[in-house]
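K.L.:
Chain by chain, the residues run as shown.
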Amino acid sequence: MNEIVPVVEMTDIAIGFPGVKALDGVNFRLFQGEVHALMGENGAGKSTLIKALTGVYTIDSGTITVLGEHKQFSTPAASQAAGISTVYQEVNLCPNLTVEENVLLGREPRRRGSIDWKGVRSRTREVLAELHLNHVDPGSLLSSHSIAVQQLIAIARSVEINAKVLILDEPTSSLDADEVNQLFRVIRDLRDRGVAILFVSHFLEQVYEISDRMTVLRNGKLVGEYLTRDLSRMGLISKMIGKEMEALAELDQAPARTRARTGSEVTPFVEARGLGRKGSVSNVDLSIYPGEVVGLAGLLGAGRTEIARLFFGADKADEGSIRVKGVSQRIRSPRAAIDKRIGFCSEDRKEEGLIGDLSVRDNLMLAMQASKGWARRIPRRVQDELVAEYIATLDIRPANPDALIRNLSGGNQQKVLLARWLITSPELLILDEPTRGIDIGAKTQIQKLVNKLATEGMSILFISSELEEVLRLSDRVAVIKDREMVAEIKNDDVSVEDVMTVIAGGTQ
Amino acid sequence: MSSLSTLTPLTVKEPSPLRSRMRGGARYAPTLATLGLFIAMFAVGAGMYPSFLSGQVFLNLFIDNTFLIVLAVGMTFVILTGGIDLSVGAVVALSMMVSATLLQQGWNPAAVIFLVLVIGGGLGLLMGLIIQYFDIQPFIVTLAGMFLARGLCYVISLDSIPVTEGFFTSVAQAQIPLPGDLFVSPGVLLALAIVAAAFFILHHTRFGRTVYAIGGNEHSAMLMGLPVTRTKVLVYALSGLCSAIAGVLFSFYSLSGYSLAAQGMELDAIAAVVIGGTLLTGGTGYVLGSVVGVLVLGIVQTFIAYDGTLSSWWTKIVIGGLLLVFILLQRLFARKTA
Numbered sequence: 001m002n003e004i005v006p007v008v009e010m011t012d013i014a015i016g017f018p019g020v021k022a023l024d025g026v027n028f029r030l031f032q033g034e035v036h037a038l039m040g041e042n043g044a045g046k047s048t049l050i051k052a053l054t055g056v057y058t059i060d061s062g063t064i065t066v067l068g069e070h071k072q073f074s075t076p077a078a079s080q081a082a083g084i085s086t087v088y089q090e091v092n093l094c095p096n097l098t099v100e101e102n103v104l105l106g107r108e109p110r111r112r113g114s115i116d117w118k119g120v121r122s123r124t125r126e127v128l129a130e131l132h133l134n135h136v137d138p139g140s141l142l143s144s145h146s147i148a149v150q151q152l153i154a155i156a157r158s159v160e161i162n163a164k165v166l167i168l169d170e171p172t173s174s175l176d177a178d179e180v181n182q183l184f185r186v187i188r189d190l191r192d193r194g195v196a197i198l199f200v201s202h203f204l205e206q207v208y209e210i211s212d213r214m215t216v217l218r219n220g221k222l223v224g225e226y227l228t229r230d231l232s233r234m235g236l237i238s239k240m241i242g243k244e245m246e247a248l249a250e251l252d253q254a255p256a257r258t259r260a261r262t263g264s265e266v267t268p269f270v271e272a273r274g275l276g277r278k279g280s281v282s283n284v285d286l287s288i289y290p291g292e293v294v295g296l297a298g299l300l301g302a303g304r305t306e307i308a309r310l311f312f313g314a315d316k317a318d319e320g321s322i323r324v325k326g327v328s329q330r331i332r333s334p335r336a337a338i339d340k341r342i343g344f345c346s347e348d349r350k351e352e353g354l355i356g357d358l359s360v361r362d363n364l365m366l367a368m369q370a371s372k373g374w375a376r377r378i379p380r381r382v383q384d385e386l387v388a389e390y391i392a393t394l395d396i397r398p399a400n401p402d403a404l405i406r407n408l409s410g411g412n413q414q415k416v417l418l419a420r421w422l423i424t425s426p427e428l429l430i431l432d433e434p435t436r437g438i439d440i441g442a443k444t445q446i447q448k449l450v451n452k453l454a455t456e457g458m459s460i461l462f463i464s465s466e467l468e469e470v471l472r473l474s475d476r477v478a479v480i481k482d483r484e485m486v487a488e489i490k491n492d493d494v495s496v497e498d499v500m501t502v503i504a505g506g507t508q
Numbered sequence: 001m002s003s004l005s006t007l008t009p010l011t012v013k014e015p016s017p018l019r020s021r022m023r024g025g026a027r028y029a030p031t032l033a034t035l036g037l038f039i040a041m042f043a044v045g046a047g048m049y050p051s052f053l054s055g056q057v058f059l060n061l062f063i064d065n066t067f068l069i070v071l072a073v074g075m076t077f078v079i080l081t082g083g084i085d086l087s088v089g090a091v092v093a094l095s096m097m098v099s100a101t102l103l104q105q106g107w108n109p110a111a112v113i114f115l116v117l118v119i120g121g122g123l124g125l126l127m128g129l130i131i132q133y134f135d136i137q138p139f140i141v142t143l144a145g146m147f148l149a150r151g152l153c154y155v156i157s158l159d160s161i162p163v164t165e166g167f168f169t170s171v172a173q174a175q176i177p178l179p180g181d182l183f184v185s186p187g188v189l190l191a192l193a194i195v196a197a198a199f200f201i202l203h204h205t206r207f208g209r210t211v212y213a214i215g216g217n218e219h220s221a222m223l224m225g226l227p228v229t230r231t232k233v234l235v236y237a238l239s240g241l242c243s244a245i246a247g248v249l250f251s252f253y254s255l256s257g258y259s260l261a262a263q264g265m266e267l268d269a270i271a272a273v274v275i276g277g278t279l280l281t282g283g284t285g286y287v288l289g290s291v292v293g294v295l296v297l298g299i300v301q302t303f304i305a306y307d308g309t310l311s312s313w314w315t316k317i318v319i320g321g322l323l324l325v326f327i328l329l330q331r332l333f334a335r336k337t338a
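Keeping their order, the protein sequence lines are chains A and B. Residues 1 to 508 (my numbering) make up the first sequence, in order. Residues 1 to 338 (my numbering) make up the second sequence, in order.
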C-alpha cells in the first residue's frame, strides 16, 4: 500500500445533536487510489462522518486535513472546492434539468458572460464517454433516466470537477446486479486514475468485492481500520454489531416457528381472486391465512409493490375480487383497508411513513390517536407506558421518546414505522422492503419480529429483493413476473435457485 | 453466511430514446397551450368584431399592460425558485406615490426614477434576506412587505396626486411609429427589453440556471455546491426592482399617484405567470410564457371592452376560470410525464 500522506485525514472528530451523540473521537484516513469502505450499523455514525467531510454538518471538535492542509468546511461548496465530491443514496441532482446541465451546473463554460451551450454539450459528451455512458443523450431530462443512470450521472459530475475524493453513500441500494456491475467498473476505473473513493454500503458482498480497506464504526465510536483482505466477513460483522452474534446464528437456522395451518378447513384472512388493475398488475390469486407469512418474490419492477398497493387500497383494483375473512369486500382506499385491519409499511419510509420533525413519541401517538378517534384524549401516563413498551420491544435507539425522527438512523426509523402500524393492531401487515438500506443488526431484529408476529397469529405479506430473506421467513412464496403472479410455491426446502428458475422460466 | 444475492432483471428499464424525446417536448406543452389559446381567442375576436383583427389591437395589448409584463418577469424568477412575492402590487403603488409626490415638489425626474428603483430593489432585497436567513415562508414575508408598502402609500397621501412634470407627460404621450400606421409606447420597448434581458439571464447565465436548479430541488442545489442563498435573495431583489420599474411605467401610463392603485395586481402577475406555464412548485417555466400569459389576460379585457355590456368584473371571473383550467392542465401534463 502507498503509505504516503493521506488525501483526507480526520482526527478526533466529535458531533452531537440534541439527545444524540452522533460521533465521538473518530479518526479516519483516506488514501489516493484506494476504495475505502466505511462500515457500521445504522446509527453508527457513517452518514454523520460523511456529512462532516462534505460540509453539511459542522464538527464540534477535531481536525480535518485535506492533502496536508487544515480545512474547516462550513458549506458543501467549500468541501467541493477542496476536491471532495459526494454521490448520495437519494440522487441529489435536479430532475427538472437536462443531463448536461446536471453534470455542469455552476461550472458551465462561458463565453463573454453567456453560457456556451455547445461547450456544455461537448464537455458532457466527453465526461459521459469516460464513464461508458455514450448512450445517454446529454439533452434529455434527468428525470427520464433510471435511478442507476442518474447515479452514474452524479458520478459524472464529480469526474468533471476532477474530484480527488469521491464519496459514494449507499450507491447500490436501488440498483440491480447489472447496474451494480456497471457502477463498479466505473469505480475501479476512477480508482486506477488515482481518485480516493469512500464507499458506504450495507451489502457485505459488494464491500468485499470493491474495497481495499475499511473503517468500522459502532455507536459513534471508531472500532478500527482494517485491510479488507485481512478481515473475514464474520470478523467484520462481529466488529460492527459487537455482542449480537448469537442473534445472527439463530436466524440462519430454519425458522423454528410451526407452520401455520392452511387449507380448506381454515378461512384465509384475505383471499384475492384474479385481482388486477389495468396497466399495473393482473391475475393475482393469493390467499393469506392467519399466522402465515407469504413472501412476494420477483424482480425489481415486476409488480411486487403494485400488488401490495392493491391489497391496501392505495390503488383501486378494477378486476377480480378480494374477500376478507370470507366476506367479499371492495377496498377503495387505505382508510377502508385500515378499517379492515390491514396495515402497509411502504418501502419509502421517508416520503410516506414518518414525520421527521416530530419526536418518536409523537409519531407513535399519531397512529394511536388515529385508531382511537381524535376526540378521546390519551392520558400522558398511558402514552409514556405504551411508547416505552414499543421502544423496548423493537429496540429503538436511542431509547429516548423525545428524540426527533429525522435524527434517527434509517433502521431505527423503520422500527418506529413498524411500531406505528403495530399500534393499530392489524391482522394483515404488508411489509414492503422493510429491511432495505438498514444494517444487519436491525435487519435481524426485524426478521425476528416478523416471525414473532406471525406466531401470534398475524398474517404477513412480506416483500423483499433479497430472496434468502423471503425464503427464510415465508411459509409460502408467490412468484411475480412481468406484472403477473406466475406461481405459488410452498416453502419446504425451496432454494434460491428454485425460485430463480421459476422467475427465469415462467409458469411451471 | 449465505450471500446476499439481489435479483438480476431480465429487461432493460431505460426508456427508449423516442419516449424521452417526447418527454422533452412536454416541457413546452403548457406554454404552447397558452399560446394556442391566445391565438384562438384572437381568431374568435376577429370573427365577432371585424375591427378586432388589427395590428393596433394586438399592440395595445402590450401598451396597456407594460407594467404587468414587467411584474410578471420578476414574478417568474420568484416562482421558478418555488417562492412567491405578494408585495409587488403594493410596491407598484408605493413607487407611483413616491414619484408623484417628489415630482410635485420639483425633483429631477431622473433622480426620482433612480430613488424609486432603489426603494423597490431595496425592499425586495430586505424581504429576500429575511426569507433566507430567518428561514420564513416567502408567503408571510412578502405579505408583510405588501402591508408595509401599502401602508407607506397611505402615509404619503390619501388623495390622488396628479403628475404634471414635463418628462413624464411627454413620455406618457409619446408614440413610436411602426410601419403600417401602427405605433407603440416607449414603455413597451422598455418592457420588451426587460423580457429579453430576463430570457438571457434565465437561459444563458449560471445565475439563471441556478434559479431553475433551486426550483427543481433546493436541497440538491445546495449539495451540488450552487450559491443557493445568494440566488434566492437576489431573486426577491430582482422582483422588487421589477415592481419599481412597473411602478414607473404605470406612472407614465396613468400620470398620477394613488394609494389604492394596483390593488390585487400581484395576483394578476401570479395568474399571468401560471397561465404562461410556470409551475407554482418551481423549476419549470419560461419567461416568454409569462408574457403570453399577460397577453391572454389583456385579450380577455379587450373582449369585455368590445362587448360593452359586460361589467369589467367579468375579467376577473374569466381569469379565475382560466387559471383553474391551466392548473388542472399542468397536473395532467405532470401526471403523463411522471
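In short, the hints are calculated from the structure, not lab data. Owing to the predicted nature of the structure, the values given are computational and were not obtained by experimental measurement. We put the beta carbon where it would ideally sit given N, CA and C, even for glycine. Possibly wrong hints are sitting among the right ones.
Claimed, not checked - Which chain B residues face chain A? A few, computed with CB under 7 Å, are given here:
1. ILE130
2. GLY166
3. SER170
4. ALA193
5. HIS204
6. GLY216
7. THR281
K.L.:
Hint check: is the beta carbon of THR281(B) less than 7 Å from a beta carbon of chain A?
P.N.:
THR281(B) check fails; min Cβ-Cβ to chain A is 10 Å, beyond 7 Å.
K.L.:
Should the interface hint for GLY216(B) be scored as holding, given a Cβ-Cβ cut-off of 7 Å against chain A?
P.N.:
GLY216(B) check passes; min Cβ-Cβ to chain A is 3 Å, inside 7 Å.
K.L.:
For the hint on GLY166(B), just tell me whether its beta-carbon gets within less than 7 Å of chain A.
P.N.:
It is violated, given that the least Cβ distance between GLY166(B) and chain A is near 37 Å, above 7 Å.
K.L.:
Can ILE130(B) be said to touch chain A, with a Cβ gap under 7 Å?
P.N.:
Since chain A brings no Cβ nearer than about 20 Å to ILE130(B), farther than 7 Å, the hint is violated.
K.L.:
At a threshold of 7 Å, is the proposed contact between HIS204(B) and chain A supported by beta-carbon distances?
P.N.:
holds, 4 Å
K.L.:
So, ALA193(B) near chain A? Judge it on the closest CB pair being under 7 Å.
P.N.:
Hint violated; ALA193(B) Cβ to chain A Cβ min 17 Å, cut 7 Å.
K.L.:
Any CB of chain A closer than 7 Å to the CB of SER170(B)?
P.N.:
violated, 35 Å
In this structure, the hints that do not hold are numbers 1, 2, 3, 4 and 7, in rising order.
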